[in-house]
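Q: All chains, please: the whole structure from these sequences, using the hints.
2 protein chains.
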Amino acid sequence: MQNNNPISQLIKILNALPGIGGRSARRIALHLITNNNTGLLQLSDSLKNIHENIKKCEICNNIDTISPCTICSSEKRDKKTICVIADVMDLWAIERSSSYKGLYHILGGILSAIDGVGPDDLSIDRLVNRIKSEEVTEVILALSATVDGQSTAHYITDKLSEFKELKITRLAHGMPIGGELDYLDDGTIITAFKSRLSI
Amino acid sequence: MQNNNPISQLIKILNALPGIGGRSARRIALHLITNNNTGLLQLSDSLKNIHENIKKCEICNNIDTISPCTICSSEKRDKKTICVIADVMDLWAIERSSSYKGLYHILGGILSAIDGVGPDDLSIDRLVNRIKSEEVTEVILALSATVDGQSTAHYITDKLSEFKELKITRLAHGMPIGGELDYLDDGTIITAFKSRLSI
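Going down the list, the sequences are from chains A and B. Adding 1175 to a residue's 1-based position in the first sequence gives its number in our numbering. Adding 1175 to a residue's 1-based position in the second sequence gives its number in our numbering.
In short, the hints are calculated from the structure, not lab data. Any given hint could be a false lead.
The list makes no distinction among identical chains, and a pair is therefore deemed to hold if it is satisfied within one copy or across any two copies.
With a Cα cut of at most 35 Å, we get these calculated DSBU-like pairs of lysine-lysine [said to hold, decoys possible]:
| # | residue 1 | residue 2 |
| --- | --- | --- |
| 1 | Lys1369 | Lys1231 |
| 2 | Lys1223 | Lys1342 |
| 3 | Lys1223 | Lys1339 |
| 4 | Lys1187 | Lys1230 |
| 5 | Lys1334 | Lys1223 |
| 6 | Lys1334 | Lys1307 |
| 7 | Lys1369 | Lys1223 |
| 8 | Lys1230 | Lys1369 |
| 9 | Lys1339 | Lys1276 |
| 10 | Lys1339 | Lys1187 |
| 11 | Lys1254 | Lys1187 |
| 12 | Lys1187 | Lys1255 |
| 13 | Lys1231 | Lys1187 |
| 14 | Lys1187 | Lys1276 |
| 15 | Lys1187 | Lys1334 |
| 16 | Lys1254 | Lys1276 |
| 17 | Lys1223 | Lys1187 |
| 18 | Lys1307 | Lys1223 |
| 19 | Lys1251 | Lys1187 |
| 20 | Lys1369 | Lys1187 |
| 21 | Lys1187 | Lys1342 |
| 22 | Lys1187 | Lys1307 |
| 23 | Lys1369 | Lys1334 |
A: This is the structure:
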């Protein structure tokens, strides 16, 4: 197999995708080629379709076929609550759980000294403008429970302190459902004890 | 995210690829969409290119842009040796090792009672015809060291017994290079002892 071969090129492109190593890339390429008539064209068309139709929502940064996105333009969503998240994967996760009916605001990452992400790289000013212009009563900071996630939450809380009426909340910490106690890390156990509730 | 959305469709297609679960599919889709201008079209074009240009080699079943394939039509390969393998992945693995300069014959699988693969599903008759018509002196059976692989090898050896002059060989069994003795299974240790060589 020479290097300028279309098969090698496909393997190289697949190998550059997140979480796909050399062996997986070869396996996927072979699967696509040997199921020639179905998978190959279907995937190619799907990618072209996305390239032509997908845009970023001008309000919340979600990706969708329309802008404002389906969630921002829906009449069924509670416009008084904004859930602040790091990226689109988080939005998909929350939507899958069907536990939230408000709007979102996607920051596009979290503050990180190591990765060189500062406040100007995130969509924080736009969040402040939304709260100014829309009738928002609660902002839920649904950011990762990591050092970077928590410092981003602190920074945003600070920025929003000018809105005296606004309720700012964060997700609860504690044992994951289905989690076993002896597999939990110390930090989670300490937090779960501190935030214990009466039955 | 609704189900008729192009993003959901892409995730569904990716999820159907071998070794890609739900989370990986979402991650890859998001990676492709957020790096819109480069990855998405590149992959789409690469797939279309393969769909239009790749064919199966009429001699050895390899996949290539030409038929007979680069290996079958090369003047530099030793036409007297045929290496019999189960699929294209095996050919790629042997070519990467640069240890073999003969021709190949891809069976398209191995005999398997469980998966319902019989002799007629494999390219065995074509192999026999090749040995009849070409000047082959050696057939190397490079099949997996599993029960199915070995019964396929037996079946082919039987089929080729009519060619009295033909040398039929198989790959050596033993310790993998870099392998540690206490991680090896019993079968490999027994075989490695039986086939020990004097230094």
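Q: Hints numbered earlier in the text: which of these fail when held up against the supplied structure?
A: The structure conflicts with hints 1, 2, 3, 5, 7, 8, 10, 15, 18, 20, 21, 22, although it agrees with all the remaining ones.
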